[in-house]
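Spelled out from the first residue to the last, the chains are:
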Amino acid sequence: MAESSSEKKVVVIGIDDSEQSTYALRWTLDHFFPNPVFKLVLVHSRPTATSAVGLAGPGAAEILPIVDSDLRKIAARVVDSAKQLCIDKSVKDVTAEVVEGDPRNVLCDVVEKYHATILVVGSHGYGAIKRAVLGSVSDYCAHHAHCTVMIVKKPKTKH
Amino acid sequence: MEESGGAEQRRMRMKVMVGVDESEGSFYALKWALDNLFTAMATVGEATEENEGMVFLVHVEPKVHNFVYPVGPGGPAAFYPANVVVESVKKAEEEKSASVLSRALKMCHNKLVKAESMILNGDPREMICEAADQMQVNLLVLGSRGLGALKRALLGSVSDYCAHHARTPILIVKPPEQNKKQ
Chain A
1 MAESSSEKKV VVIGIDDSEQ STYALRWTLD HFFPNPVFKL VLVHSRPTAT
51 SAVGLAGPGA AEILPIVDSD LRKIAARVVD SAKQLCIDKS VKDVTAEVVE
101 GDPRNVLCDV VEKYHATILV VGSHGYGAIK RAVLGSVSDY CAHHAHCTVM
151 IVKKPKTKH
Chain B
1 MEESGGAEQR RMRMKVMVGV DESEGSFYAL KWALDNLFTA MATVGEATEE
51 NEGMVFLVHV EPKVHNFVYP VGPGGPAAFY PANVVVESVK KAEEEKSASV
101 LSRALKMCHN KLVKAESMIL NGDPREMICE AADQMQVNLL VLGSRGLGAL
151 KRALLGSVSD YCAHHARTPI LIVKPPEQNK KQ
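If you read the sequences in order, they're chains A and B. Using my numbering, the first residue of the first sequence is number 1, and each one after it goes up by one. Using my numbering, the first residue of the second sequence is number 1, and each one after it goes up by one.
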């Protein structure tokens, strides 16, 4: 019921450290922006330190803070370079979020939070086996997000 | 600034391919694409000549199998020649495709978007991916039936296949939720 004056449509884009997601961001900026109707939200999901370290070993308590600060640095770097890319393409209305947790749930939650019109994700282009073993965020989102999902693949340099 | 002008032109000339069939999901996808991808560009309001995105509507007819249909009592003499049945099935398919495409084309014209249509034969998944590659489209739009994991494994999902195999970016439009809060 919020008939705000700026009824902008929200585009949520998931970013991480990979080339594919930078390509996806760039593609989205090229094709959808600059545009008064769309508002961009960048989401980076930071794995929790405990999940990254895995099973607790005897030395786990010591390395946890180190892993945590490292993850924080990576997250900051990813978000900064993404914001820089937006500024380069003269896209001003950008919100950035860093959320801790599993990327699949984080992306779907952000979509709910902003009532997004569209969720954009890159794709690592794994084959079926890798996807089954490593898991595919884009696959999960395509099936579970409550909005339209766009999967942008970086073209493989073939022939 | 020439760069921003170039970016706008690039944006407006987006070639979008939309897979359509007789299901409501695919028409919803087409409507969504027209609303969000094209009217957004129209509001910018400059350069009406370059303001041409294009929509390619693709309808894939599944291949008709040549079965022999036994009809009526009395052995082999009562088998209809396969041709007659195949012909009539083909004709029904063609009429269905024509009505689907004409409805889709009308939707595009209402939104003042240039559209072209094509009918392909064969397995929808592969044909759509191939067509998207050949036409070098910027974006492929598909509807989704919103099937759960089990149904998807059994019935197959065109959008799932294309999401993994298409080389172009792909947009999957979900059917609107029943209990949408807005």
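Among the hints, erroneous ones may be present.
As the list claims (entries may be wrong) - Keeping only pairs whose Cα atoms sit at most 35 Å apart, straight-line, the calculated DSBU-like set for lysine-lysine is: (1) A:8 <-> A:83; (2) A:92 <-> B:31; (3) A:8 <-> B:90; (4) A:89 <-> B:31; (5) A:89 <-> A:9; (6) A:154 <-> B:91; (7) B:111 <-> A:89.
Said to hold, decoys possible - Derived CB-CB ranges, DEER-like: (8) B:130 <-> A:62: 29 to 39 Å; (9) A:113 <-> B:105: 53 to 63 Å; (10) B:88 <-> A:18: 34 to 44 Å; (11) B:85 <-> A:109: 19 to 29 Å; (12) B:85 <-> A:102: 51 to 61 Å; (13) B:102 <-> A:127: 34 to 44 Å; (14) B:145 <-> A:115: 19 to 29 Å; (15) B:175 <-> A:76: 56 to 66 Å; (16) A:84 <-> B:123: 36 to 46 Å; (17) B:105 <-> A:17: 14 to 24 Å.
Unchecked claim - Derived contacts from chain A toward chain B, CB cut-off under 10 Å, selection only: (18) 9; (19) 92; (20) 94; (21) 95; (22) 114; (23) 123; (24) 126; (25) 136; (26) 148; (27) 150; (28) 155.
For the record, the hints were derived by calculation from the structure and aren't laboratory data. Backbone N, C-alpha and C define an ideal beta-carbon position, used for all residues, glycine too.
Inset, instruction - Could you say whether the range 19 to 29 Å given as a hint is met by the Cβ separation of residue 85 of chain B and residue 109 of chain A? - result: Given about 53 Å between the Cβ atoms, the range is violated.
Legend entry - Interface hint outcome for residue 114 of chain A [beta carbon to chain B under 10 Å]: violated, 13 Å
Inset, instruction - For residue 105 of chain B and residue 17 of chain A, compare the CB-CB distance with the range 14 to 24 Å and indicate the outcome. - result: violated, 44 Å
Inset, instruction - Compare the distance between the alpha carbons of residue 89 of chain A and residue 31 of chain B with 35 Å, and conclude whether the hinted pair is satisfied. - result: Status holds; Cα separation ~29 Å.
Legend entry - Agreement of residue 8 of chain A and residue 83 of chain A with the hint, judged by alpha carbon distance not exceeding 35 Å: holds, 19 Å
Inset, instruction - Verify the proposed pairing of residue 154 of chain A with residue 91 of chain B, using a straight-line Cα cut of 35 Å. - result: Cα-Cα ~41 Å, so violated.
Inset, instruction - With 34 to 44 Å as the target window, see if residue 102 of chain B and residue 127 of chain A comply at their CB atoms. - result: holds, 40 Å
Inset, instruction - Closer than 10 Å between Cβ atoms is the bar; does residue 148 of chain A clear it against chain B? Give me holds or violated. - result: holds, 5 Å
Legend entry - Hint check: 10 Å Cβ-Cβ cutoff, residue 126 of chain A to chain B: At 9 Å from the nearest chain B Cβ, residue 126 of chain A passes the 10 Å test, so the hint holds.
Legend entry - chain B contact restraint for residue 150 of chain A - C-beta distance below 10 Å: holds, 4 Å
Legend entry - Restraint satisfaction for residue 95 of chain A [CB to CB of chain B, less than 10 Å]: Residue 95 of chain A check fails; min Cβ-Cβ to chain B is 19 Å, beyond 10 Å.
Inset, instruction - May I ask you to test the interface hint for residue 136 of chain A with respect to chain B, counting a Cβ-Cβ separation under 10 Å as satisfied? - result: Holds, because the Cβ-Cβ distance from residue 136 of chain A to chain B comes to roughly 9 Å (cut-off 10 Å).
Going down the numbered hints, you'll see the structure goes against 3, 6, 8, 9, 10, 11, 15, 17, 19, 20, 21 and 22, while the others check out.
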